[in-house]
Amino acid sequence: MSATSERRAWILGTTAPALVFLLVIAYLPIGYAVALSFFKKTAFNPAMTWVGLDNYRYIFNEPELWHAFGRSVVFTAGSVGLQLVIGLGSALLLNRAFAGSTVVRSLFVLPYLVPSIVVALVFQWLLSQEYGVINQLLMQTGAVSHPVNFFGGLGTAMWAVIGMAGWQYGSFATLLILARLQSINPKLYEAAAVSGAGPWRAFLDVTLPALRTTLIVIALLRGIWMFNKFDSIWLVTHGGPLKATETLPLYAYRLAFEEFDFGLAAAACAVMFVVLLAGAFLYFKLFDPTREIEVGR
Amino acid sequence: MRRCAPLALLLAVLVVVAFPFYWMLLSSFTPREVLFKPPYKLFRLDLSLANYRELLFATEFLTYLRNSLIAAAGAIVLNVIAATLAGYGLTRFAFPGKKGFAFGTLFSYMFPPILMVIPLYILFSALQMRNSYLGLILAHMAISLPLNIWLMWQYFQIVPVSLEEAAWTSGAGRLAALRQVCLPSARPGILSVAIFSFALSWNDFTFAFILQTDRKMFTLPVGLATFVEQTGVHWGMVMAAAVLVSVPTFLLVFFLQRYLLSGLRTAG
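The listed protein sequences correspond, in order, to chains A and B. Numbering of the first sequence is given in my numbering, commencing with residue 1 and proceeding in unit increments. Numbering of the second sequence is given in my numbering, commencing with residue 1001 and proceeding in unit increments.
Rather than coming from a laboratory, the hints here were simulated on the basis of the structure. Errors might be hidden in some of the hints.
What the hints assert, rightly or not - Pairwise CB distance ranges (calculated):
(1) 1215(B) <-> 274(A): 35 to 43 Å
(2) 130(A) <-> 1132(B): 33 to 41 Å
(3) 1229(B) <-> 274(A): 27 to 35 Å
(4) 286(A) <-> 1095(B): 47 to 55 Å
(5) 1077(B) <-> 213(A): 36 to 44 Å
(6) 1184(B) <-> 188(A): 36 to 44 Å
(7) 203(A) <-> 1099(B): 36 to 44 Å
Just so you know, even glycine gets a beta-carbon here, dropped at the ideal spot from N, CA and C.
Turn these sequences into a full structure, and let the hints guide you.
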């Protein structure tokens, strides 16, 4: 075998498996979903009929899509906002050496690393109306007069889900912010102190500017992921009560697996995909993460 | 006073983070007869293993566990092979299209399960691959492979080429140099790929819930979700299940504290 053809065989042999897997299991399904949105396809009928934009016309005229879209926005804004507040707050608190700080920091990673099913089950138990310990504490302190039906109440379900997501994913923000805080040059704080800045001034002039990029990255990435979150919400509310927590992913799920209309579900997925595209475009445009690897060699 | 305020705040946050875990553990060891009798004591010593016994011997827990382990093992093997090879090829050879490959990899890292699972359900139905291990393993690869390729790409960049070159000059072929020199020094990278693949497969609910409709093929998250669907939920047993499913996470954090905190990036 000549040197060039051996080289070519190596390049092909090493990159082809990853490339084929990515194309077949990630890109093909997404492409198939977009294609499917132009067809009439139900669970009971293997045939696909071209219907053009009919699926889109149908769901865009349904108030349900817009309600689901609105709930997705509320859930995303609420939970990402909460994650940023929790992340920033706990990172600032943890960004100091104290006895046992490694143990405490590891503890803060746990909510993000345990499976979603665990978080969902534990919160359902904690917040249970009948037996929940949180309701008991609230009653004992007199904060409420009747036990609150957190996940089952029309007015509370969305907030309970947002709170749970904040608890679970806040530590992702904590980790990234903590890593950034520790890379800030301490000389900057000394300089701020010398020029007479108090702690608050130093936070505004040194910490916050240093964190700007990190905060934007977190908001963007977590925003994309929370907008498309299915498992956490489904597990605690199934989208209820009365669709109060039915965000876009749960709406698409219902169209596909409870109304058995894959074409309509695919159109709803395409709407999510467009939002994803917009988020990804911003992320790549602003941060060009591909810089992290060398492509020149 | 000024010095105490952050400490008190830290303690408060610590309680919020830790209490759900504490309550999960405590409930899992609380016998059914006392668990549902308010007022609940925040500390108790009359603990028992009854919930765990019931979970292991009176439910399908062990079936779900086996399915979860098979899916995770398959995802680890395929991910390690594909990502390691790709990382090696992408750093050791010059060829066009790398920027596109990098972009395509990172973009697919953002694909949420719910967008992929509806088309996969239709495709796997046609191919008779629903309720199969292979189908689930492939689906789990869809969420872990992008970041794994990325990890190995970055990792091989810091494995010096000079080591391999030294092996070549001593007469070893490329394959021998890869096996004897390159792979051993890439071991930490490969380990993180394996851990990450395991974690995403173990944690997945969405794919397994939609693709595995046969109870015999349920993974732990899907099986556990059915425990709370019925009326009169046996919460003590459910918390015991939650504890057991969290064990790998606890072990991971315990053994990899330093590594995890130095820079962790995962999806979800």
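Quick rundown of the hints versus the structure:
1. 1215(B) <-> 274(A): 35 to 43 Å: holds, 37 Å
2. 130(A) <-> 1132(B): 33 to 41 Å: Holds, at about 40 Å.
3. 1229(B) <-> 274(A): 27 to 35 Å: holds, 34 Å
4. 286(A) <-> 1095(B): 47 to 55 Å: violated, 28 Å
5. 1077(B) <-> 213(A): 36 to 44 Å: Holds, at about 37 Å.
6. 1184(B) <-> 188(A): 36 to 44 Å: holds, 41 Å
7. 203(A) <-> 1099(B): 36 to 44 Å: holds, 39 Å
Violated hint: 4 only; the structure is consistent with all others.
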